[in-house]
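**Q** Listed here are the chains, written in short residue letters.
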Amino acid sequence: MAISVQEADFDCGAEIAALSAADDGAGAVASFVGLVRGENIRAMTLEHYPAMTEKALADIVAQAEQRWQLRRVRVIHRVGRLLPGERIVFVGVSSSHRHDAFAACEFIMDYLKTRAPFWKKEETAAGAHWVDARESDDAAALRWESGR
Amino acid sequence: MAISVQEADFDCGAEIAALSAADDGAGAVASFVGLVRGENIRAMTLEHYPAMTEKALADIVAQAEQRWQLRRVRVIHRVGRLLPGERIVFVGVSSSHRHDAFAACEFIMDYLKTRAPFWKKEETAAGAHWVDARESDDAAALRWESGR
Amino acid sequence: MIKLLYFASLREALGAAGESLELPAGVASVGALRAHLAARGGAWEVFATSKSLRAAVNQAMAGAEARVAPGDEVAFFPPVTGG
Amino acid sequence: MIKLLYFASLREALGAAGESLELPAGVASVGALRAHLAARGGAWEVFATSKSLRAAVNQAMAGAEARVAPGDEVAFFPPVTGG
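Residue numbers (this note's numbering), protein chains in the order written: chain A, 1 to 148; chain B, 149 to 296; chain C, 297 to 379; chain D, 380 to 462.
One chain only, chain A, in its complex shape (with noise of 0.2 Å):
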């Protein structure tokens, strides 16, 4: 596993073909990329708990590669201020099996919104604010504990 908690920007293709890279098991690589929606948005700031985030993430990927077989992941969280547009976070899984691919993918992005230490506080027309944790973030989270 590798993580990245970092201001500057990533490469999706880069990082993708490093998932596979001189792996002949690697057969299905999935990843995802947020971004910053720019709807209402002029811009949003990334705070987090820098002792914590690298141990955060790794914990969540650990857990990751014990519920699926993987080969490799790769987690990258920008933060600091980002405009509309802008890449926040890349989670990419390499695996020889699509389905543990797209599996860890989608429930580490769950769990990094629910348990990693990241706060964004966005700045509008009417001001800057702070981010109000979803339900739907908790609820997607909790879906991996009965196991779906």
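Just to be clear, a hint being listed does not mean it is correct.
[As the list claims (entries may be wrong)] Distance windows between CB atoms, simulated:
#1 D/M440 <-> A/A43: 24 to 30 Å
#2 C/K299 <-> A/R67: 48 to 54 Å
#3 A/E145 <-> D/A407: 26 to 32 Å
#4 A/N40 <-> D/P449: 42 to 48 Å
#5 A/Q69 <-> C/G338: 42 to 48 Å
[Claimed, not checked] Covered by chain A, according to a simulated footprint, are these stretches of chain B (three or more residues, beta-carbon under 8 Å):
#6 155 to 169
#7 173 to 180
#8 183 to 192
#9 240 to 253
The set of hints was computed from the structure by calculation and includes no laboratory data. The C-beta atom is built at its ideal place from N, Cα and C for all residues, glycine as well.
Starting from the known structure of chain A, arrange chains B, C and D on it as the hints suggest.
**A** Only chains B, C and D this time, still in chain A's reference frame:
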């Protein structure tokens, strides 16, 4: 929707970027890349039914667009002779909602695997043979019928 | 006349990628067409014996009961294995 | 001494990113620490009134019953909203 059936390779990074370019509402992009596994394979040749292929893929994408709230969908499938590690297929989906992007991307792959007219012939040390369809692929596609 | 197409292992088994065929009297469905082709014997018996053989009429997947009429394009092939 | 950290909207509400604190006698859990901080009054009452406030002890998510001992790093923050 944009569908391509081609011999040429594709650029995952460019495809993923295009799925959210100039779209304020595209906060989520899920994608999948399928690659030639190389464990016992020297090469693989993909045959298809040219008059039907794009039609079948368009029908699968249209079904996904009816089931989930999607913004853009991109499907690329290569044909011809490919070596281990080479990319075979790309499916990318953008949405405002993470789960819709994931579900539609996996649905399209599952249906493509069982309903799009492609056939693989593998070259191994023991000679060339047509790949058998797998029951697990039929089961994966059937999952979506019962609404899991 | 209909246009017949054969793909992948079926194409190799028959030694033909397709043909034009005058629809015989009474052959108006995919199932009847399969029986007609199987009656050629030899490699063609696969149209009677194979349970997995798939068909498409005018580029859409079609079952045994699907109608076949002059001018149609009918394709036969094994289960697909792309992706 | 413990190290206390506050993040995001909590940090702004308290006007502090953190502090060092001598653990008072009898304060040995996250819950007891919250009660101790709430007793400061004013903005600090959020430690008593907020149901959504989360805690981490030594960088791991922790409930109200979690132990707190000298040398620990204890962080308080609102529900996370990354990704």
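**Q** All hints, please: hold or fail.
**A** Hint by hint, here is what the structure shows:
| no. | hint | result |
| --- | --- | --- |
| 1 | D/M440 <-> A/A43: 24 to 30 Å | 29 Å, holds |
| 2 | C/K299 <-> A/R67: 48 to 54 Å | 50 Å, holds |
| 3 | A/E145 <-> D/A407: 26 to 32 Å | 30 Å, holds |
| 4 | A/N40 <-> D/P449: 42 to 48 Å | 47 Å, holds |
| 5 | A/Q69 <-> C/G338: 42 to 48 Å | 45 Å, holds |
| 6 | 155 to 169 | holds (count 8) |
| 7 | 173 to 180 | holds (count 8) |
| 8 | 183 to 192 | holds (count 5) |
| 9 | 240 to 253 | holds (count 6) |
The structure fails none of the hints (numbered hints given earlier).
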